[in-house]
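Novice: Since chain W is already given, all that's left is putting chain A on it; use the hints.
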Amino acid sequence: MAVIEAAFAEEAGGGHGGGTAGGMPDPMHQFEIKRIIPLELFGFDASFTNSALFMVIAATLITLFSIYAMRGRALVPTRLQSVAELSYEFVANMVRDNVGTAGMKYFPFVFTLFMFVLVLNMLGMVPYSFTVTSHIIVTFALAAFIFLGVTLLGFIKHGAKFLKFFVPEGVPVLMLPLLVVIEVISYLTRPISLSVRLFANMMAGHTMLKVFGAFVVALGFLGGWAPLAFMVAFTGLEILVAFLQAYVFAILTCIYLNDALHMHH
Amino acid sequence: MDPAAAKLIGAGLASIALVGAGVGIGTIFGNYLQGALRNPSAAPTQFPNLLLGFALAEATGLFGLVVALIILFVF
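The listed protein sequences derive, respectively, from chains W and A. Per our numbering, the very first residue in the first sequence carries number 248; after that it's consecutive. Per our numbering, the very first residue in the second sequence carries number 435; after that it's consecutive.
So that you can see chain A by itself, here it is in the shape it has in the complex:
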C-alpha cells in the first residue's frame, strides 16, 4: 500500500477512540441528570464531580486524537 494512504487510514482509525469519549460523556451527563431529578437538593453539591468526570472522560478520547495527530505529523 502507498505509505501516505496507510498513514491517512491509520490516523482515521486512531480517531475512533473518540467514540469512547462520546459514550463516556453521555453516560456521565445522563446519570447526573437521572440522579439530579430524583434528588434535586443534592444535585448542586455533585456539580464539581460532574465537571471532573466530564473532563476525565473527554481526555481519554482526546488521547486517541493525539495518536492520530502524531501519525499525521510526526512520521
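Just chain W, with the same shape it has in the complex:
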C-alpha cells in the first residue's frame, strides 16, 4: 500500500514519474507528449510535439504511398498499385453501401479519414513510437469536426425539415416529448462515443501491452516466457484492433453522413 501511495503522491505532485512507479515501469509513460520544437503563438502553446511529428509522418507516408503506387497507372497493376487500388475500392464500397451513390461526393473525405486513422494506429504498433490516436483530444477533434460537418450538411440539404430527424414516426403523441429528448441526447453523444471508442481502444491495448511487457521483465528468464507468448498473440490482436477501429471510425462517419443526406432511421 505504501508503494501505491508513493506512486499517487508522485502523480499528484505533477511529476511524470520518470518511467517507473514502485518498481514496475509506468505503463502510461508511453503516452507522454514531449515538445520537440517549443513555440508560443499569441499566448498559446503551439509547440511541435512528438504527436505532431507522427501526424506529419502519417500524412507524408499516405501521400508518398498514393503517388508512388499509382505512378505507373498500369492496366495490369503491380503489387504496390493493387494495394492502393484495394484500399480505394474498400473505402469506395463502404461509402456506396452505406450512403449510396449520392454519398460518393464525400468519398475523398472518408478515404482521407480512414487512411489517416489507419496509418496512425499502425504507426503506434511500431515499438518505441507514439500512438497519436491514444489521445482523446486528437480523436475528439476529428469526431467533433465530423459531427459539425454532418449536422451542417443536414441543415443545408433539408433546411428546417432536418429537425424532423429527431421526431420518430409512428409513435403516440403523448410519448413524443420524452422520445424527442432521448433522440436529441443520443444525437449529441455521437461525437463523444465516436472519439472515446477509438481513444479507449488504442489506449487500453497499448497499456495492456506495456503491463505484460513489465511482467516479462519481472518474471525473468525462467518465468517470462508465458507473458511473452501472450504478448505475441496480443500484438496480433492489437494490429487487428488498429485496423478495425479505423474501419469502424470510417463506417460510422458513413452512417452519420447517410442520416444527414437521407434522414432514414
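Honestly, I wouldn't trust all of these hints.
On the chain W side, residues computed to face chain A include the following (Cβ under 7 Å) [claimed, not checked]:
| no. | residue |
| --- | --- |
| 1 | Arg444 |
| 2 | Ala447 |
| 3 | Gly483 |
| 4 | Ile486 |
| 5 | Val495 |
Distance windows between CB atoms, simulated [stated by the list, open to error]:
| no. | chain 1 | residue 1 | chain 2 | residue 2 | range |
| --- | --- | --- | --- | --- | --- |
| 6 | W | Thr359 | A | Leu490 | 20 to 28 Å |
| 7 | W | Arg282 | A | Phe507 | 26 to 34 Å |
| 8 | W | Glu332 | A | Ile450 | 42 to 50 Å |
| 9 | A | Val501 | W | Phe477 | 21 to 29 Å |
| 10 | A | Phe507 | W | Ile283 | 21 to 29 Å |
| 11 | A | Ile450 | W | Met317 | 46 to 54 Å |
| 12 | W | Phe413 | A | Gln480 | 28 to 36 Å |
| 13 | W | Ala476 | A | Gln480 | 31 to 39 Å |
| 14 | A | Met435 | W | Ala473 | 31 to 39 Å |
| 15 | A | Ile504 | W | Ile486 | 24 to 32 Å |
| 16 | A | Asn473 | W | Leu487 | 23 to 31 Å |
| 17 | W | Phe477 | A | Gly460 | 14 to 22 Å |
| 18 | A | Asn473 | W | Met351 | 26 to 34 Å |
Facing chain A, a subset of chain W residues (Cβ under 8 Å, in silico) [claimed, not checked]:
| no. | residue |
| --- | --- |
| 19 | Val443 |
| 20 | Asn448 |
| 21 | Leu491 |
Since the hints were derived computationally from the structure, they do not count as laboratory data. Note that the structure is predicted; figures quoted are calculated from it, not measured. No residue lacks a Cβ here, since even glycine has one placed at the ideal position from N, Cα and C.
Specialist: Only chain A this time, still in chain W's reference frame:
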C-alpha cells in the same frame, strides 16, 4: 476510509463494465457462427456487420475502463 484506498476500489469497480463487453462480444460471435453454419453462403456478406458489432460492443466496455482511468489519474 483512506482516500487512496477508496480510489483504487472505485477504479476496480468501474472496470467491472468490461464484463458486459465480454458478454456482448461472445453473443455477437456466437450468433454469427450460428447463422454462418446454417447458411454459409450468406456469411461473407455479413462479415462487415460482424466487425462493426464487435467494435461497438467492445467500446461500451472500454467506456468503463476510461472511467476507471479517470478515477485513477485525474482525481
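Novice: All the hints need checking, so say for each whether the structure fits it.
Specialist: Going down the list of hints, with the structure as the test:
no.	hint	in the structure
1	Arg444	holds (4 Å)
2	Ala447	holds (4 Å)
3	Gly483	violated (16 Å)
4	Ile486	violated (14 Å)
5	Val495	holds (4 Å)
6	Thr359/W <-> Leu490/A: 20 to 28 Å	holds (23 Å)
7	Arg282/W <-> Phe507/A: 26 to 34 Å	violated (21 Å)
8	Glu332/W <-> Ile450/A: 42 to 50 Å	holds (46 Å)
9	Val501/A <-> Phe477/W: 21 to 29 Å	holds (26 Å)
10	Phe507/A <-> Ile283/W: 21 to 29 Å	holds (24 Å)
11	Ile450/A <-> Met317/W: 46 to 54 Å	holds (50 Å)
12	Phe413/W <-> Gln480/A: 28 to 36 Å	holds (30 Å)
13	Ala476/W <-> Gln480/A: 31 to 39 Å	holds (33 Å)
14	Met435/A <-> Ala473/W: 31 to 39 Å	holds (36 Å)
15	Ile504/A <-> Ile486/W: 24 to 32 Å	holds (27 Å)
16	Asn473/A <-> Leu487/W: 23 to 31 Å	holds (25 Å)
17	Phe477/W <-> Gly460/A: 14 to 22 Å	holds (20 Å)
18	Asn473/A <-> Met351/W: 26 to 34 Å	holds (31 Å)
19	Val443	holds (6 Å)
20	Asn448	holds (6 Å)
21	Leu491	holds (5 Å)
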